[in-house]
Amino acid sequence: MAQNNSSFPVQLYVYDLSRGMARELSSLFLGRQVDGIWHTGVVVHGKEFFFGGGGIAHCQPCGTVLGQPNSIVDLGYTEVNEDLFQEYLDSLAESEYRGDKYNLFEHNCNTFSNDVAQFLTGKTIPSYITDLPSEILSSPLGQDLRPLLDSLAINPGGNITGQR
Amino acid sequence: MAEQGAADLGNNNNNKPEASEGTIIKVTVKTPKDKEEIAIAEDASVTQFKEEISKRFKAKQDQLVLIFAGKILKDGDSLSQHGIKDGLTVHLVIKTAHKAADGGSTSASSSTSNQGGNSTTSSPAANPAPTTVPTGSGHTPTQTPNIMSESACVLFELKTLFLPKITSLSQRLSHAGGFGDLASLAGLGMGSANFMELQQQMQRQLMSNPEMLSQIMENPLVQNMMSNPDLMRQMIMANPQMQQLMERNPEISHMLNNPELMRQTMELARNPAMMQEMMRNQDRALSNLESIPGGYNALRRMYTDIQEPMFSAAREQFGNNPFSALGGNSDSGAQPSRTENREPLPNPWGPPNSSNPSESGGGTTGSTSTSGTTNPSVSNPLGVNPGSLGNGMFNSPGMQSLLQQISENPQLMQNMLSAPYMRSMMQSLAQNPELASQVMMNNPLFAGNPQLQEQFRSQLPIFLQQMQNPEALSVMTNPRAMQALMQIQQGLQMLQTEAPGLMPSLMTSGIPGVPTGGAVPSENPASSPSSAATNPAQQQLMQQMLQMFAGGGGSGGGNGTSQTPEVRFQTQLDQLNAMGFINREANLQALIATGGDINAAIERLLGSQPS
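Chains A and B supply the protein sequences, listed in that same order.
Each residue of the first sequence is one higher than the one before, starting from 1 at the first, in our numbering.
Each residue of the second sequence is one higher than the one before, starting from 1 at the first, in our numbering.
It should be emphasised that the hints constitute simulated quantities derived from the structure, not laboratory data.
Bear in mind that the values here come from a model prediction, so they are computed numbers and not experimental data.
Where a beta carbon is used, it is the ideal one built from N, C-alpha and C, also for glycine.
Watch out, some of these pointers could steer you wrong.
Think about it this way: if two alpha-carbon atoms lie no more than 30 Å apart in a straight line, the pair counts; the simulated DSSO-like pairs of lysine-lysine are [claimed, not checked]:
no.	chain 1	residue 1	chain 2	residue 2
1	A	123	B	30
2	B	74	A	101
3	B	71	A	123
4	B	58	A	101
5	A	47	B	30
6	A	101	B	30
7	A	47	B	33
8	B	30	B	60
9	B	74	B	33
10	B	35	A	123
11	B	58	A	123
12	A	123	B	26
13	B	55	A	123
14	B	35	A	101
15	B	60	B	33
16	A	47	B	55
17	A	47	B	26
On the chain B side, residues computed to face chain A include the following (Cβ under 7 Å) [claimed, not checked]:
no.	residue
18	32
19	35
20	38
21	71
22	91
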């Protein structure tokens with residue numbers, strides 16, 4: 001195998017989807033402070049990888065419409081080279097991370113980033129990101145909205161009442 | 001355990017003696033698709049580990065690549081060298097056969113771009129364009145207008161008519177990715193203030209900021225939605241202007257019913273880069289068309305028949321087209337160019353109410369004016385109240401004041417209900433009781449009270465029906481009526497506390513209009529689900545109320561008054577008579593609808609006259 005001992009740095013790009021509104025309004029609506037609605041992507045081998053409604057995707061770092069990330073978390077180094085990583089992603093895309101598996105609360109971009117980070121480096125991503133869904137869902141507003149949101153997240157070929 | 005025994009045996013048989021020493025640890029081996037627990041000796045080597053794995057996963061050893069803590073485990077290493085202990089997880093990638101030989105130089109990026117369906121940002125040119133896109137000249141002129149008109153329709157439609165639907169849902173989901181802005185999700189059509197204004201603002205912002213458009217498009221929720229052609233069709237069809245358009249131009253309905261085309265268009269829309277490219281192609285093809293003899297006419301026909309009504313239909317929603325008030329409603333807007341225009345030109349100095357194009361039935365929009373709403377005028381066709389425009393939803397202090405406004409100002413309810421948008425939503429709610437019940441259930445009012453939910457669910461059909469009743473709607477939009485209702489509620493509640501045996505237990509949010517505006521009852525103490533008892537009596541009472549709304553329309557709630565409306569409104573009737581409104585029936589109706597408010601009644605009468 002080529003490049004046996006090389007190390008590739010792995011980073012986590014964290015974006016706040018609410019552009020600051022969550023920090024301001026969350027205590028008003030949720031009763032607790034939420035600093036951001038986090039979206040993450042894993043940057044390795046010069047590309048940013050993330051999971052969305054269309055499946056696993058990649059782009060240039062900072063290349064999504066979100067622009068520059070709010071913060072960058074250094075996840076360490078990996079020996080996994082690009083091809084191996086690609087195979088790994090291919091398998092994921094056929095199984096756990098197909099496009100239709102996207103679930104806003106339970107299986108979202110951050111779930112993906114977490115899994116990939118663990119694969120690449122053995123480390124998980126910061127818990128404030130992965131805890132976000134449960135924080136929101138455990139607020140009274142989150143509970144109320146949940147059935148509505150579930151019904152909104154329509155899968156291709158699914159129906160409007162959100163049966164999955 | 002049996003597993004362990006087998007593993008031991010395996011180790012003993014195949015491996016060097018050192019394997020049998022040391023404790024056995026259980027290591028989880030995780031592939032992208034699978035997860036297995038493998039028992040192995042603590043001091044085993046990676047080779048031995050791989051042997052076990054290859055048995056369990058039915059793969060060849062040289063296909064296995066093990067990764068732990070970011071390091072690739074090489075055959076010569078030992079597990080303990082990498083710190084692999086009991087209970088830890090090691091990642092496994094099973095290389096597919098043709099790559100097993102070496103690192104493999106097959107392209108990585110193109111396979112990513114094809115996996116799982118759509119990669120949102122990969123190279124646009126590489127993706128095959130949808131097959132119906134004309135790639136330039138080479139099509140016969142008769143063919144291209146059809147194809148292009150179809151795709152033009154769909155594209156424009158997506159961008160314009162459709163945008164309001166998406167934006168209203170996702171406007172608060174704003175930027176791409178996971179959660180969106182939950183804070184404004186709370187206002188998702190239920191408690192939101194002036195829906196139309198917010199929407200218009202949103203659209204204005206969108207138009208000025210194309211980036212936002214692509215953000216919205218990238219949103220996985222939006223994408224999920226868009227990838228469901230049935231849903232798309234439903235949404236498009238639900239728009240009354242669309243329906244009109246469809247009647248006039250059967251091509252459009254044909255196009256909508258063609259799932260292929262829909263799917264392609266949706267893919268297009270999902271990928272803004274591709275969309276741009278298609279637009280470019282289209283433009284090129286269009287310009288080619290022009291040069292073909294007869295082509296220019298075909299283009300013109302295409303434009304006037306199809307695009308124009310779409311544009312005007314779309315712009316009506318925007319409220320940006322000041323001429324929409326002048327030009328009457330969309331019916332007269334797009335005569336096919338083949339026939340003479342026989343419609344009388346509209347009277348630009350006529351009463352502004354009469355030609356408000358965005359009323360889609362029912363005379364309650366625009367023409368009911370209570371203080372605080374501006375009448376639609378020529379330059380302000382939808383009666384947008386400039387006062388509350390300033391409270392953009394994207395300023396956080398604005399957001400808060402907006403909330404205050406909702407709770408203090410029931411007129412906003414009126415605005416909300418009168419948005420044509422709301423109307424179509426109500427219709428689709430009525431048609432789809434499942435969805436309606438879901439939506440109702442989510443209202444925070446019902447959160448803690450499952451009995452109330454049950455109750456409400458049973459009332460739902462009646463409720464929905466009388467929501468359609470314009471009388472009931474007018475009651476709801478009349479702030480005074482609402483206040484009266486709330487007073488009744490409060491009175492009932494007081495009664496209950498004073499004399500519990502007397503009244504059957506109170507209806508809390510039994511008043512129909514209230515649940516749709518979750519914020520309005522927040523000021524009403526009776527709305528907290530205080531009465532948990534579900535008597536049959538309570539249900540009866542509720543039913544009575546509802547029926548009274550359905551039947552009597554504004555003649556009062558509760559247990560009814562003993563006076564007939566005629567008697568009550570005697571003075572007002574006389575006044576109206578004196579003013580010259582001779583039609584006593586109509587006067588009475590108007591007065592009933594407005595709850596005795598003369599000015600409002602006059603507006604109603606005036607609004608309904610030219611019909």
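Now for the hints, and whether the structure bears them out:
no.	hint	verdict
1	A:123 / B:30	holds (15 Å)
2	B:74 / A:101	violated (34 Å)
3	B:71 / A:123	holds (12 Å)
4	B:58 / A:101	holds (27 Å)
5	A:47 / B:30	holds (24 Å)
6	A:101 / B:30	holds (19 Å)
7	A:47 / B:33	holds (23 Å)
8	B:30 / B:60	holds (16 Å)
9	B:74 / B:33	holds (22 Å)
10	B:35 / A:123	holds (18 Å)
11	B:58 / A:123	holds (28 Å)
12	A:123 / B:26	holds (20 Å)
13	B:55 / A:123	holds (28 Å)
14	B:35 / A:101	holds (19 Å)
15	B:60 / B:33	holds (17 Å)
16	A:47 / B:55	violated (35 Å)
17	A:47 / B:26	violated (35 Å)
18	32	holds (4 Å)
19	35	violated (11 Å)
20	38	violated (17 Å)
21	71	holds (5 Å)
22	91	holds (5 Å)
Checked against the numbered hints above, the structure violates hints 2, 16, 17, 19, 20; every other hint is satisfied.
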